[in-house]
Amino acid sequence: MSLASRFSRRSLFGAAAVAASASLALTGCVAGEDSEATAAAGAAGDGVLNIDFATYNPLSLIIKEKGWLEATLAEDGVEVNWIQSAGSNKANEALRSGAVDVGSTAGSAALLARANGSPIKTIDLYSQPEWSALVALPESGIEKVEDLKGKSVAATKGTDPYFFLLQSLEEAGLTPEDVTVQNLQHADGWSALNNGSVDAWSGLDPIMAGAEQEGAELFYRNLDFNTYGFLNATESFLEEEPELAQTVVNAYEKARVWAAENPEETAQILADVAGLDLEVATTVITERSNLDVDPAPGEVQRAVLEKIGPAFVETGDVASQKQIDDAVDTLLVDSLVLKADPSAIKES
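Residue 7 in the UniProt record's numbering sits at position 7 of the sequence shown, with consecutive numbering throughout.
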């Protein structure tokens, strides 16, 4: 049975989900998040792979730019439908609704989604980034986390910057109640900081790198508070389309090798999609994105998730520690990475 024919079991639901949630990919858009997301919003028919791309996931940008999935899946009659994720929260919404089969999030966001019942599995790690930090404008008087007491902070709930903020507050002896969190999508958070609507912003690259170039100050950084980049797939997709899921992971591993060999072109692709200066994109790729990470989800990521999990219960984002424990036990899948074959991916 071909990939295309096996897809028919999911196609009717996938079409409805894409149509119902197309707007998710457009919420909180940054530069480059309009025409392609709009084009991707059409209903999918038989033989469609719905997969996200995101400026915070450089490997996804390479795969999309190079057309590798399209070239590899063409003979099976499988169409590749790219949908842009504006943040981990939007990717989680698309995964939960079935609008995408594969979506990019931070590890913290994947744990949150799984703990709250979203049927997803992490099948690959696309980066170990330092993509979150706390940001303020010069002359704001904010120089350390303790200075945030009584202040307003923009953060996108359900994403790594939000959890970065919670961990930073806890380390400084503060609680979420000591600040006013404005729940804004990443690009809107930077705009709010820039126009004075908030005092600080828990930022995300590559938007944060652009803000830094414009004079914003990253007043608190901590690599340990950044979770890995998780590539997630719905359980139904993994159960019904294991060969297609393997092809996606094969493409990611081809992109990882290509990025290591072509850092300048990788930065250019990011700059083009995100609307960034090449200098800013180069900073993101070469200084704040470790793409050469072990791609197999395993014990290292499990330890990170176990560390941040209790915070979700304390803040009420997850009802019980048992939900966290169950999610940690069932989220990570390394089998596809262990069988990955980048050579199986065709050039376009």
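Check the hints yourself; a few may be wrong.
In silico DSS-like pairs for lysine-lysine, Cα to Cα no more than 25 Å straight-line [what the hints assert, rightly or not]: (1) K66 <-> K339; (2) K322 <-> K346; (3) K307 <-> K144; (4) K339 <-> K157; (5) K339 <-> K322; (6) K66 <-> K346; (7) K157 <-> K346.
These are calculated hints, taken from the structure and not from any lab test.
So, going through the hints one by one against the coordinates:
1. K66 <-> K339: Roughly 22 Å separates the two Cα atoms, so the pair holds.
2. K322 <-> K346: This hinted pair is violated, its Cα atoms lying about 44 Å apart.
3. K307 <-> K144: Judged against 25 Å, a Cα distance of about 23 Å means the pair holds.
4. K339 <-> K157: violated, 35 Å
5. K339 <-> K322: Outside the cut-off at roughly 32 Å; violated.
6. K66 <-> K346: holds, 10 Å
7. K157 <-> K346: violated, 38 Å
In this structure, the earlier hints numbered 2, 4, 5, 7 are contradicted, and the remaining ones agree with it.
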